Amino acid sequence: MTGVSLLWLFVRLGLLHELAYRTNFVIQVISSGMNLVASLALLAAIFTHTEMVAGWRPPDLLALLGVFFLLSGLLGTVVQPSLERLMEDVRQGSLDFTLVKPVDSQLLVSIGQVHVWRLVDAALGVGLLGLALIQLGAQVGSIQAMAFVIALVAGCVIVYSACLLLATLAFWFVRVDNALLFFLTMWEAGRWPVAVYPPWLRATLTLLVPVTVATTVPAEALLGRLETQSLVLAVAFAGGLLLASRWLWLRGLRRYTGASA
Amino acid sequence: MFEWRETLSLYVGAFRAQLRITLAVQFQYRASLAIWVLFTVLQPLLLLSVWSAVAQSGDTGSHVRGYTPEDFAGYFLINMWVAHLTFNGVLAFFEGRVRRGEFSPRLLRPIHPISSDIADNVAFKLLTLPVLALATLVLIPTFRPRIDPPSWAVVAFVPALILAYVVQFIITWIVGLAAFWLARTQAVYVGFVLLLRFLAGQVAPLALLPGWVQTVAWLSPFRWMLAFPTELLLGRVSAEETLRGLGMQLVWSLASVVLLVLCWGVAVRRYTAVGG
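Residue numbers (this note's numbering), protein chains in the order written: chain A, 551 to 811; chain B, 836 to 1111.
The set of hints was computed from the structure by calculation and includes no laboratory data. None of these values were measured; they are calculated from a predicted model. Mixed in with the good hints there might be a few duds.
Unchecked claim - Some chain B residues close to chain A (C-beta under 8 Å, calculated; not the full set): (1) V860; (2) V1025; (3) G1026; (4) F1033.
Virtual Cβ for every residue (Gly too), placed ideally from N, Cα, C.
Kindly generate the complete structure, drawing on both the sequences and the hints.
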């Protein structure tokens, strides 16, 4: 419960901070809009040559793109800015200020910075999902909707844990901003169904950098193609990754030396 | 005559000094450089996978407008190399320089600020080249690219690549100048990068895009920044079209230099900084 109210507090703080710079909102809308148009243009170009890509029809890929935009938005709103702040704090020693606060430090560093305008991407993602649903018609039942929500939450957990694992490396290697940037680059692979990639890349993108699990699995759940087994696996994977990131975080904290020590 | 030589040796000396410094600076961040190479490899790799899937599930057998999966592999591999060799990091730091007043020391030096950017860029490429070569060797057995240019095309590729670098570098600098007018240039940069990706053939060979896009790309500088050298080395450009392409590259090089000189003159007068 503390987590939710703290997150809400940081969202409000982020909003108050950003309201002073309203042009940023316009800039974000323009950038996200251009990104959306470019993504749709590429899909349009692809579907002038074929009716299906690796078994995915146009509305299917639209749904996948929706999940991708939604998760990108959440990633850019909370996870990325907070963890970038964390890496900088570790480097400069100002993590001291977080550690003395009477709340779990992992929670604080994970939600401490909120870039509200990036929610524009999340909103566009929801819009895309809506559009895909209209095109898919009544094919989506309540079981599929439920599986979708579960898979989406698992996707969020996977992305968050993977990013935290990378950011925590800052306790060992001083400059790791690029590690997080690397993940955010790999994240682009989530735009496409995992089936289009060659086997070794598919394995990498599933296990090593679990990018596509986070987007392909929820989209498949929505389309009713996901087997229960895969959903259970995705949830178990998310849980395992969350535990692993917690473990590394605690190990990393023990290495932290602070600014004044 | 004497003065001209002195200026030249000043520039060469300054450039060599800058290159030495920047090599040492960048070598400290080897891990960052390696990750950057992965960044360069991933994007073409994804699109290559997608277009190969399209070719395999297409209506016309196993190719799209004459591109088989092996042709796509060749196209995107060359495109990756061309993109890397012509890449410049100008947009990444231009806005910060202007906004935080970091241009001041650069403007005081008796040498144009663009020269240190070029030194940075050359050092970056020298250091990342081996890693990119390694990545290419890993990719070749998976995708079996087919690259089959006539020998004259390989020769013509060299000036095409150099001109592509020149056009891209100068146009990027001009786009960067937007920072002198706008406090936040992100939207301008995103727009530029997206145009580059579409019109320069980074998301797909231009031949697969609608006809009007191809026409716009041909007239714009974008086609000449990446797509032209790529298609040339792939062996898909006729001799006549190559000459016309090199001509367009020359035209855009000269036009962009003129544009840069004009814009730089106006832009730098808008620059103000406190202290420093």
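Hint-by-hint comparison with the structure:
no. : hint  : verdict
1   : V860  : violated, 13 Å
2   : V1025 : holds, 4 Å
3   : G1026 : holds, 6 Å
4   : F1033 : holds, 7 Å
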